[in-house]
Amino acid sequence: MKNTKVMTEGAIFAAIFAILAFATVVLPILASVLIWILPLPFIVYTVRNGWKPGLMLWVVASFVSFIIGGFVLLTSAIMFGSSGIVVGELYRRKKSAFTVLLGGSLAYIANLILSFIVSIVVFDLNPIKVIQELMLESVQTAEAMLVAIGQDPRTQLEPLLDFIERIIFLAPSLIITTGVFYALFIQLIAYAVLKRLRIKVAHFKPFREWGFPKSFLWYYLIASIFILVGLEEGTALYLVMWNLFPLLEIAMTIQGLAVVFFYIHAKGFHKSISVIVIIVTFFLPFLLYIYRILGIIDLGFELRKRIKNSS
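Just so we're aligned, residue 1 is where the sequence shown starts under full-length UniProt numbering, counting upward by one.
Hints were generated in silico from the structure; no laboratory data involved.
Heads up, some of the hints might be wrong.
What the hints assert, rightly or not - The calculated SDA-like cross-link candidates involving lysine to any residue, where the alpha carbons are at most 25 Å apart (straight line), are:
(1) Lys214 - Phe301
(2) Lys195 - Trp51
(3) Lys95 - Ala251
(4) Lys305 - Ile264
(5) Lys95 - Asn111
(6) Lys271 - Leu287
(7) Lys305 - Phe207
(8) Lys205 - Ala148
(9) Lys195 - Gly103
(10) Lys267 - Glu302
(11) Lys205 - Leu102
(12) Lys195 - Val33
(13) Lys267 - Lys305
(14) Lys94 - Met7
(15) Lys214 - Phe226
(16) Lys200 - Ser96
(17) Lys200 - Ile16
(18) Lys305 - Tyr263
(19) Lys308 - Ile278
(20) Lys195 - Lys205
(21) Lys94 - Phe226
(22) Lys214 - Arg196
(23) Lys214 - Asn111
(24) Lys214 - Ile273
(25) Lys205 - Asn309
(26) Lys271 - Arg208
(27) Lys271 - Leu284
(28) Lys5 - Leu239
(29) Lys214 - Leu239
(30) Lys271 - Phe226
(31) Lys305 - Arg208
(32) Lys129 - Ala148
(33) Lys305 - Ile273
(34) Lys95 - Ala110
(35) Lys205 - Ile254
(36) Lys52 - Ala202
(37) Lys200 - Trp51
(38) Lys94 - Asn3
Construct the entire structure; sequences and hints are all you get.
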């Protein structure tokens, strides 16, 4: 009886995934929303039934997806299915939220690397070069607009052109960043859904308490020195530093933003202030530099402890 229920539930979840995946192809306007819920059928099913039935769901969903949409949907099933099973199984084993995030991140990163390799080997298509071409087209459009209003485009667009040229070296950090942030957002959505289904799983501690080890500060300072001194382009150290540095910058920014949230909480301000801070940051990106500085100070001088003592 139990096996019948598990199989029936698996068939339903496989159908749900296939429909959602198919909708991302035929309704591109909804793809940006649907892509965030594709792993959910696998996560929920694996939490309920374990990784072995989850693997069976993965096989069935992959087969159905291939029948409906060919290789494109098969790729989606492989990527989102495997990652969803990892997250679901970690949740089922009552692992901490950050352990689930680590597992999910590694799964998504592995799938992105696999997709990257398949794209180059099978389709002779380099995703990074495609991104470069799209960005260059945008720059050319901006250049034409600047010329039309009598501005010199070279001085204003030169930093962007330099970044586009270097982006080919940043593929590893782009893949890692994409994998981690996608895993984070999926985990937040999954937590809300599982909570709605009355399935108890670990949740993140408040963002104001997030922090990185102090060693990250030393890594950041060392990487900064190498970047400032300059490295020979194309060398192994060049590739390592140019990929490590932006990741450490993100870490410092998160650390600093956590300090801001900690201050808001310590001073007893309304929770809506935290939301306003996030919204304002989207419109004033230069605030990210301030957060980064706060993050560095917090790691070096335990800023949050000082805020707590002064409150």
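Do the hints match the structure? See the list:
Of the pairs offered as hints, the one joining lysine 214 and phenylalanine 301 holds, with about 10 Å between alpha carbons and a cut-off of 25 Å not exceeded. Restraint check for lysine 195 and tryptophan 51: satisfied, since their Cα atoms lie roughly 20 Å apart, inside the 25 Å limit. With a C-alpha separation of about 23 Å, the suggested pairing of lysine 95 with alanine 251 holds against the 25 Å cut-off. The straight-line distance between the Cα atoms of lysine 305 and isoleucine 264 is roughly 14 Å, inside the 25 Å bound, and the hint therefore holds.
Taken as a hint, the lysine 95 and asparagine 111 pair is honoured in the structure, with Cα atoms around 22 Å apart against an allowance of 25 Å. Distance hint between lysine 271 and leucine 287 is fulfilled; the C-alpha atoms sit about 20 Å from each other, no more than 25 Å. With a C-alpha separation of about 16 Å, the suggested pairing of lysine 305 with phenylalanine 207 holds against the 25 Å cut-off. As the CA atoms of lysine 205 and alanine 148 are separated by approximately 52 Å, the hinted pair breaks the 25 Å bound.
Our distance criterion of 25 Å between C-alpha atoms is met by lysine 195 and glycine 103, whose separation comes to about 20 Å. A threshold of 25 Å between alpha carbons decides the hint, and for lysine 267 with glutamate 302 the separation of about 17 Å falls inside it, so the pair holds. Note on lysine 205 and leucine 102: the hinted pairing holds, with a Cα-Cα distance of about 15 Å set against a maximum of 25 Å. At roughly 21 Å between alpha-carbon atoms, lysine 195 and valine 33 fall within 25 Å of each other, so this suggested pair holds.
For a cut-off of 25 Å, the pair hint linking lysine 267 to lysine 305 stands: about 13 Å separates their Cα positions. Simply put, lysine 94 and methionine 7 have alpha-carbon atoms about 24 Å apart, close enough for the 25 Å limit, and the pair holds. Distance check on the hinted pair: lysine 214 and phenylalanine 226 sit about 19 Å apart at the alpha-carbon level, within 25 Å; holds. Taking the CA atoms of lysine 200 and serine 96, the gap is about 12 Å. The hint holds against a cut of 25 Å.
Taken as a hint, the lysine 200 and isoleucine 16 pair is honoured in the structure, with Cα atoms around 23 Å apart against an allowance of 25 Å. Of the supplied pair hints, the one linking lysine 305 and tyrosine 263 holds, its CA atoms being roughly 10 Å apart against a limit of 25 Å. The hinted pair formed by lysine 308 and isoleucine 278 meets the criterion: a straight-line CA distance of about 22 Å does not exceed 25 Å. Distance restraint check for lysine 195 and lysine 205: the Cα-Cα separation of roughly 16 Å lies within the 25 Å cut-off, and the hinted pair is therefore satisfied.
With a C-alpha separation of about 42 Å, the suggested pairing of lysine 94 with phenylalanine 226 is violated against the 25 Å cut-off. A hinted pair counts as satisfied when its Cα atoms are at most 25 Å apart, and lysine 214 with arginine 196 does not qualify at roughly 37 Å. A hinted pair counts as satisfied when its Cα atoms are at most 25 Å apart, and lysine 214 with asparagine 111 does not qualify at roughly 31 Å. For the hint pairing lysine 214 with isoleucine 273, the CA-to-CA distance comes to about 28 Å; that exceeds 25 Å, so the pair is violated.
With a C-alpha separation of about 21 Å, the suggested pair lysine 205 and asparagine 309 falls inside the 25 Å cut-off, and the hint holds. The hinted pair formed by lysine 271 and arginine 208 meets the criterion: a straight-line CA distance of about 12 Å does not exceed 25 Å. For the hint pairing lysine 271 with leucine 284, the CA-to-CA distance comes to about 20 Å; that is within 25 Å, so the pair holds. The hinted pair formed by lysine 5 and leucine 239 fails the criterion: a straight-line CA distance of about 52 Å is larger than 25 Å.
The straight-line distance between the Cα atoms of lysine 214 and leucine 239 is roughly 24 Å, inside the 25 Å bound, and the hint therefore holds. At roughly 40 Å between alpha-carbon atoms, lysine 271 and phenylalanine 226 are farther apart than 25 Å, so this suggested pair is violated. Of the pairs offered as hints, the one joining lysine 305 and arginine 208 holds, with about 12 Å between alpha carbons and a cut-off of 25 Å not exceeded. A threshold of 25 Å between alpha carbons decides the hint, and for lysine 129 with alanine 148 the separation of about 29 Å lies outside it, so the pair is violated.
Restraint check: the Cα-Cα separation between lysine 305 and isoleucine 273 comes to about 21 Å, which is no more than 25 Å; the hinted pair holds. Distance restraint check for lysine 95 and alanine 110: the Cα-Cα separation of roughly 21 Å lies within the 25 Å cut-off, and the hinted pair is therefore satisfied. Proximity of lysine 205 to isoleucine 254 is assessed by CA-CA distance (about 14 Å); at most 25 Å being required, the pair is judged to hold. Restraint check: the Cα-Cα separation between lysine 52 and alanine 202 comes to about 22 Å, which is no more than 25 Å; the hinted pair holds.
Distance check on the hinted pair: lysine 200 and tryptophan 51 sit about 18 Å apart at the alpha-carbon level, within 25 Å; holds. Only pairs whose Cα atoms come within 25 Å are accepted, and lysine 94 paired with asparagine 3 is accepted, the gap being roughly 23 Å.
Checked against the numbered hints given earlier, this structure breaks hints 8, 21, 22, 23, 24, 28, 30 and 32; the rest are met.
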